[in-house]
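Q: Listed below, chain by chain, are the residues.
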Amino acid sequence: MNLTLKIWRQKGPRDKGKMVEYKVSDISEHMSFLEMMDVLNEQLVNSGEEPVAFDHDCREGICGMCSMYINGEAHGPDRGVATCQLHMRMFNDGDTITIEPFRAKAFPVIKDLVVDRTSFERIQQAGGYISVNTSGNTQDANALPISKHAADEAMDAAACIGCGACVASCKNSSAMLFVGAKVSQYALLPQGQVEAADRVKNMVTQMDLEGFGNCTNTGACEVECPKGISLENIARMNRELVKASLVKF
Amino acid sequence: MSGFFNSSIGRKYAMALSAFFLMFFLLQHFAINILSVFSPDTFNEVSHFMGTNPLIQYAMQPILIFAVIYHFVMGFVLEIKNKSSRDVKYAKNHGAANSTWMSRNMIYSGLVILAFIALHFIDFWFPEINTKFIQGDWSGTLEGVEGYRYFEELQHKFVEPWRVGAYIIAFVLLALHLLHGFTSAFQSIGSTAGRKQTMKNMGKAYSILIPLGFVIIALFHHFNH
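If you read the protein sequences in the order shown, they are chains A and B. Numbered by the working numbering, the letters in the first sequence go through residues 1 to 249 in order. Numbered by the working numbering, the letters in the second sequence go through residues 1001 to 1225 in order.
What the hints contain is simulated information worked out from the structure, not anything from laboratory work. Please note that a few of the clues may not be correct.
As the list claims (entries may be wrong) - Derived contacts from chain A toward chain B, CB cut-off under 7 Å, selection only:
1. GLY12
2. ASP15
3. MET19
4. GLY72
5. GLN85
6. ASN172
7. SER173
8. ALA196
9. VAL204
10. ASP208
11. THR218
12. VAL223
13. LYS227
14. ARG239
What the hints assert, rightly or not - Okay, the calculated bits of chain A under chain B, using three or more residues with CB under 8 Å as the criterion:
15. 141 to 155
16. 228 to 236
Built from N, CA and C at the ideal position, the CB exists for glycine as well.
Starting from the given sequences, assemble the full structure and let the hints guide the process.
A: Below you can see the structure in the form of structure tokens.
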């Protein structure tokens, strides 16, 4: 198929940036979106132009590195997939595809479609861990009684790959689905209880400091999330924060 | 707890609590107003009770005013904060693919409701405050009107078609506001009840039937004055 691509080009963090139009031809419908971008970049390199910078790593939907806002949606029009798993069969011959970086003040553009998502790392560092001593006689995890329901929900929350599609899709650039998932994966398990109050307070404080917006429950994040993280995690985070605020003033 | 209410989640929580109070208020306001369609005398009696009862006037009324002001002011504060969280807008954004129009436009439906409340206050609340608290007339009567004045005042306001039109537009926007707000409030306080089908249906019924009821009341008095 032949396509017209409108791509955001920005030389660096301080460059103003603009949309630039490119044409690509003979794109196979079996290609992934990133492979189509590779074809474009090969074309650009061969013609002496600067290739389009974009994030990617595993290319199998588990690393959370790829991003891109494609035709007005994070990770494009397909559901439950990251951009690397988006196939060109989702598009038609002759289509014009608009490709932009994830937009949020807390995700500044580094170059072209590459954004800095280290704000997520700082939120994780604020409490998204369990500080148990694992040296020596670590207890067998299976020795702890955990209900199947809690284990399943914790696993579902832990499926978050931290790609930032939730922030990109939210009209408020809110990170609450991400933080909700990270809070939930520990809040649901006994190992997470000891530090539960500090964890949610510190992570929410860091989230607010990073400049993310407030959730208004539009549900856009849940729809666009490549890992199907549920809004219930945001509700759980809200409950956890109320509990933590009552326990520790 | 002061730190909690200054956090993004705490503000959401407070918005939801004020929303619950306002939704409860709207329900009781409707329950009283619908009486005007069936029995002007009952409407007058209940209105006089609400207008003169010290608990309503000196406890519930200030809480209501606070809830209204808080909900609007915090709504604007959060909207400004949220808008500033994205400094460069998308060239192409397909919001309809993942969320409802109502959820994305709460600020606009809210602004229409705010304009309506201003009109409603000018029509009813300010004259009521003036009569009772400034002129000191708590009798609930009006010269030349038999019995209490409330029904007469209500009917009189719906004579002009523009006002009825303005009320209908405001109630349509109120319905849209509630269609998102009802279930959203549950989510904000950390309850998953808003995601259950029964509660979703209840939310839809409340959001459509209450504003529709107010529209019917306005039209009824317009055509029966």
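Q: Take the shortest C-beta to C-beta distance between MET19(A) and chain B; is it under 7 Å?
A: 6 Å, holds
Q: Hint validation: GLN85(A) versus chain B, beta carbon distance must be below 7 Å. Holds or violated?
A: Violated: closest Cβ of chain B sits about 18 Å from GLN85(A), beyond 7 Å.
Q: Once the shortest beta carbon distance from THR218(A) to chain B is found, is it less than 7 Å?
A: 4 Å, holds
Q: Hint check: is the beta carbon of GLY72(A) less than 7 Å from a beta carbon of chain B?
A: Hint on GLY72(A): holds, closest Cβ of chain B at ~3 Å, below 7 Å.
Q: Under 7 Å, Cβ to Cβ, is where LYS227(A) needs to be relative to chain B, so tell me if that hint holds or is violated.
A: Nearest chain B Cβ about 15 Å off; hint violated.
Q: Using Cβ atoms only, decide whether SER173(A) comes closer than 7 Å to chain B, and label the hint accordingly.
A: 4 Å, holds
Q: Going by Cβ atoms only, is ASN172(A) closer than 7 Å to chain B?
A: 4 Å, holds
Q: Tell me if VAL223(A) is really an interface residue toward chain B, meaning its C-beta lies closer than 7 Å to one of theirs.
A: 4 Å, holds
Q: Between the segment 228 to 236 of chain A and chain B, see if three or more residues pass the 8 Å beta-carbon test, and mark the coverage as holds or violated.
A: It holds: at least three residues are needed, and the segment 228 to 236 of chain A offers 5 whose Cβ sits within less than 8 Å of chain B.
Q: Quick one, is the ALA196(A) hint okay against chain B at 7 Å, beta carbons?
A: Violated: closest Cβ of chain B sits about 14 Å from ALA196(A), beyond 7 Å.
Q: Restraint: ASP208(A) near chain B, CB-CB cut 7 Å. Satisfied or not?
A: Holds: closest Cβ of chain B sits about 5 Å from ASP208(A), inside 7 Å.
Q: Minimum Cβ distance from GLY12(A) to chain B below 7 Å?
A: 14 Å, violated
Taken one by one, the earlier hints fail for this structure at numbers 1, 2, 5, 8, 13 and 15, listed in ascending order.
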